[in-house]
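Asker: As a plain string of letters, each chain reads:
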Amino acid sequence: MKTINLTESTVRDLNQALHDQARDLREREWLVTHPDGKHNLAVGINEALSIDIQGHAGYYCAGMNQKASVTVHGNVGVGVAENMMSGMVRVKGSASQSAGATAHGGLLVIEGDAGARCGISMKGVDIVVGGSIGHMSCFMAQAGRLVVCGDAGDALGDSLYETRIYVKGSVKSLGSDCIEKEMRAEHLEELAELLNRAGFDEDPASFKRYGSARQLYNFKVDNASAY
Amino acid sequence: MSNEYSPVLRESATFDRLTIQEIQRAAETGIYDIRGGGTKRKVPHFDDLLLLGASMSRYPLEGYREKCGTDVVLGTRFAKKPIHLKIPVTIAGMSFGALSAQAKEALGRGASIAGTSTTTGDGGMTPEERGQSQHLVYQYLPSRYGMNPDDLRKADAIEIVLGQGAKPGGGGMLLGMKVTERVAGMRTLPVGVDQRSACRHPDWTGPDDLAIKIAEIREITDWEKPIYVKIGASRPYYDVKLAVKAGADVIVLDGMQGGTAATQEVFIEHVGIPILSAIPQAVQALQEMDMHRKVQLIVSGGIRTGADVAKAMAMGADAVAIGTAALIALGDNHPRLDDELKKIGSAAGFYDDWQNGRDPAGITTQDPELSKRLDPVEGGRRLANYLRVLVLEAQTMARACGKSHLHNLDPEDLVALTVESAAMARVPLAGTRWVPGQGF
Ligand SMILES: Cc1cc2nc3c(=O)[nH]c(=O)nc-3n(C[C@H](O)[C@H](O)[C@H](O)COP(=O)(O)O)c2cc1C
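For the record, the sequence lines run as chains F and D.
So the first sequence is numbered by my numbering: it starts at 1 and just counts up by one.
So the second sequence is numbered by my numbering: it starts at 228 and just counts up by one.
Please keep in mind that the hints were generated in silico from the structure rather than gathered at the bench.
Remember, it's a predicted structure, so these values are computed and weren't measured experimentally.
Any given hint might turn out to be false.
Dumping the calculated BS3-like pairs for lysine-lysine here, alpha-carbon to alpha-carbon at most 27 Å [what the hints assert, rightly or not]:
| hint | chain 1 | residue 1 | chain 2 | residue 2 |
| --- | --- | --- | --- | --- |
| 1 | F | Lys38 | F | Lys172 |
| 2 | D | Lys307 | D | Lys267 |
| 3 | F | Lys38 | D | Lys599 |
| 4 | D | Lys570 | D | Lys599 |
| 5 | D | Lys570 | D | Lys307 |
| 6 | D | Lys313 | F | Lys38 |
| 7 | D | Lys381 | F | Lys67 |
| 8 | D | Lys269 | D | Lys294 |
| 9 | F | Lys2 | F | Lys67 |
| 10 | F | Lys38 | D | Lys468 |
Okay, the calculated beta carbon distance ranges per label pair [as the list claims (entries may be wrong)]:
| hint | chain 1 | residue 1 | chain 2 | residue 2 | range |
| --- | --- | --- | --- | --- | --- |
| 11 | D | Arg520 | F | Ser50 | 42 to 48 Å |
| 12 | D | Gly664 | F | Ala213 | 49 to 55 Å |
| 13 | D | Lys381 | F | Lys92 | 54 to 60 Å |
| 14 | F | Ala213 | D | Lys269 | 43 to 49 Å |
| 15 | D | Asp517 | F | Gly112 | 54 to 60 Å |
| 16 | F | Asp36 | D | Arg285 | 55 to 61 Å |
| 17 | D | Thr256 | F | Ala48 | 51 to 57 Å |
| 18 | F | Ala213 | D | Pro434 | 36 to 42 Å |
| 19 | D | Tyr464 | F | Gly112 | 39 to 45 Å |
| 20 | D | Asp435 | F | Gly112 | 55 to 61 Å |
Don't be surprised by glycine CBs; every beta carbon is placed ideally from N, CA and C.
Looking at chain F on its own, in the form it has when it is part of the complex (with noise of 0.2 Å):
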């Protein structure tokens, strides 16, 4: 195992290691110590590495990730796994705004708390988080699934695509074309799937499903006011 201290080594040796493994793979298994918060730690790695992170990161952390296992023992920033590709990136503590923001693939695990906009713009990635998240989450959602097992904020799924919701607990408001839809025995079966994998003990009949009405799809003069 590597081990990276950021009170010595600055975020570019640290990104710039991870990078160089992607052509000349060296080291699997990377430990950061002392994160402090600091921003943009372990982006745009492109290798099957496993990364943890003592402490607290701060924005865009793991950001545009592929194939990698990113492990943050602490709260992460604004934008935590934003347009992961694949791989999988884990949170143990809480995630603040648009974690997951526009992720094509991959497995974004929060333990805690996610803040307002989380999956804001997902293309594909599934998101599970332990706790709450905030609200405008999903906004214009197009593919991938998100698990909540805690409540829901304000305008879930407003103008939301292809993504389907799963939340346990209460939805403060939906937005603008997401509704609550049938959970069928498919849906039972890739949540229970989505709870295994991210281990969470949670029973996928306690929750509700939300989907797009797919009313706002193409512009029609009668929904002008839901636009």
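Go by the hints and put chain D with the ligand onto chain F.
Answerer: Frame of chain F; chain D with the ligand shown alone:
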């Protein structure tokens, strides 16, 4: 008054025929008008400026003998690999989706022949355009359609788009008829939806966040690539200062005349400011930060001729970008299409329904049959020719002003024809020393 009493009917200036027609259209359909192109009404523009050729107090360069350089280096501030272009005219970002794959390829081909860059758009990078573009700028937009780190690493520069001159403050749209399987697949959307793209970035707001976002993209790409920030002109003095503070290498400033593939007519005509009025504000902001020429300025919005290029550069731009003119060079609105355009309710020289995908030129369409009409090799050749003419024209004017490089043109080479343009461009009214707003 009817012509029973008088042979001349009087048209109202307030309720002219176009206005009446628009009210009738709105009453009929209940929806705003959406179209492509830029502002159609007349606003102060480069035509309102003149260059002062040399005579006694300055001497000109020999038109055919003496060198007038045209190259430009973009991204010298932080990027390890700045872009070196042979000419200061770049191709603006236009999406695959708005344009056919053939059109994107033709733009890449034309730009590469001319030694300049082309730019992706709101819909990701296609292999056709990457393959044919020697210098390709990859746009990073609020929608992040098709955004991925592999393409980021393949790009030669990255352009973070805050807005467009045609619609500062507005998001994009691509109507259902153009959201074909390939377009939808690249954007992760259902086929045929009227796609609306976000107007704000999903994971940052404001200049402090932007600084962190720029740092993230630099980290992902190992500080190699220039990072541009594109701004729709509305408050350029402040926006440029904030973008530079946030770490931009290059500012792209797009004025209200700038084209779009699809936007509400009311937005195109009434939001934003003319590029003429935006450039001096941007240059002032850069100069106050001691960043003029260190952070390069690319301007766009209604650039058509070498005179426009020379005047924009004399005002302080390092380069210009073209959208609409490049499409016209490829064959948009060509007279030979007049009959077909008439069948769809338009005519050559007027066609602006770029949103609806029925372009007989094969440019603003996703219809496979129509797209096939554009030969990317021939289109590329036409665009390269047009770019050459722009540069030759600009050089001709620069030499006449005694300049051995287009970058040596400066505001002292300019005067204005109207009080408005003098005030906006901050150059004297022709024949006077009067710059409105700056006293005598
Ligand atoms: C068909 C078309 C599509 C466009 N698509 C985009 C886009 O995806 N992203 C963007 O930033 N600007 C887009 N623009 C705006 C251009 O990048 C540029 O700002 C504008 O065309 C410059 O003005 P001009 O057309 O007068 O040259 C588009 C313009 C046109 C004409």
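Asker: State for each hint whether it applies.
Answerer: Going down the list of hints, with the structure as the test:
{"no.": "1", "hint": "Lys38(F) / Lys172(F)", "verdict": "violated, 33 Å"}
{"no.": "2", "hint": "Lys307(D) / Lys267(D)", "verdict": "violated, 41 Å"}
{"no.": "3", "hint": "Lys38(F) / Lys599(D)", "verdict": "violated, 51 Å"}
{"no.": "4", "hint": "Lys570(D) / Lys599(D)", "verdict": "holds, 20 Å"}
{"no.": "5", "hint": "Lys570(D) / Lys307(D)", "verdict": "violated, 52 Å"}
{"no.": "6", "hint": "Lys313(D) / Lys38(F)", "verdict": "violated, 40 Å"}
{"no.": "7", "hint": "Lys381(D) / Lys67(F)", "verdict": "holds, 19 Å"}
{"no.": "8", "hint": "Lys269(D) / Lys294(D)", "verdict": "violated, 36 Å"}
{"no.": "9", "hint": "Lys2(F) / Lys67(F)", "verdict": "holds, 18 Å"}
{"no.": "10", "hint": "Lys38(F) / Lys468(D)", "verdict": "holds, 25 Å"}
{"no.": "11", "hint": "Arg520(D) / Ser50(F): 42 to 48 Å", "verdict": "holds, 46 Å"}
{"no.": "12", "hint": "Gly664(D) / Ala213(F): 49 to 55 Å", "verdict": "holds, 54 Å"}
{"no.": "13", "hint": "Lys381(D) / Lys92(F): 54 to 60 Å", "verdict": "violated, 35 Å"}
{"no.": "14", "hint": "Ala213(F) / Lys269(D): 43 to 49 Å", "verdict": "holds, 45 Å"}
{"no.": "15", "hint": "Asp517(D) / Gly112(F): 54 to 60 Å", "verdict": "violated, 45 Å"}
{"no.": "16", "hint": "Asp36(F) / Arg285(D): 55 to 61 Å", "verdict": "holds, 59 Å"}
{"no.": "17", "hint": "Thr256(D) / Ala48(F): 51 to 57 Å", "verdict": "holds, 54 Å"}
{"no.": "18", "hint": "Ala213(F) / Pro434(D): 36 to 42 Å", "verdict": "holds, 37 Å"}
{"no.": "19", "hint": "Tyr464(D) / Gly112(F): 39 to 45 Å", "verdict": "holds, 42 Å"}
{"no.": "20", "hint": "Asp435(D) / Gly112(F): 55 to 61 Å", "verdict": "violated, 25 Å"}
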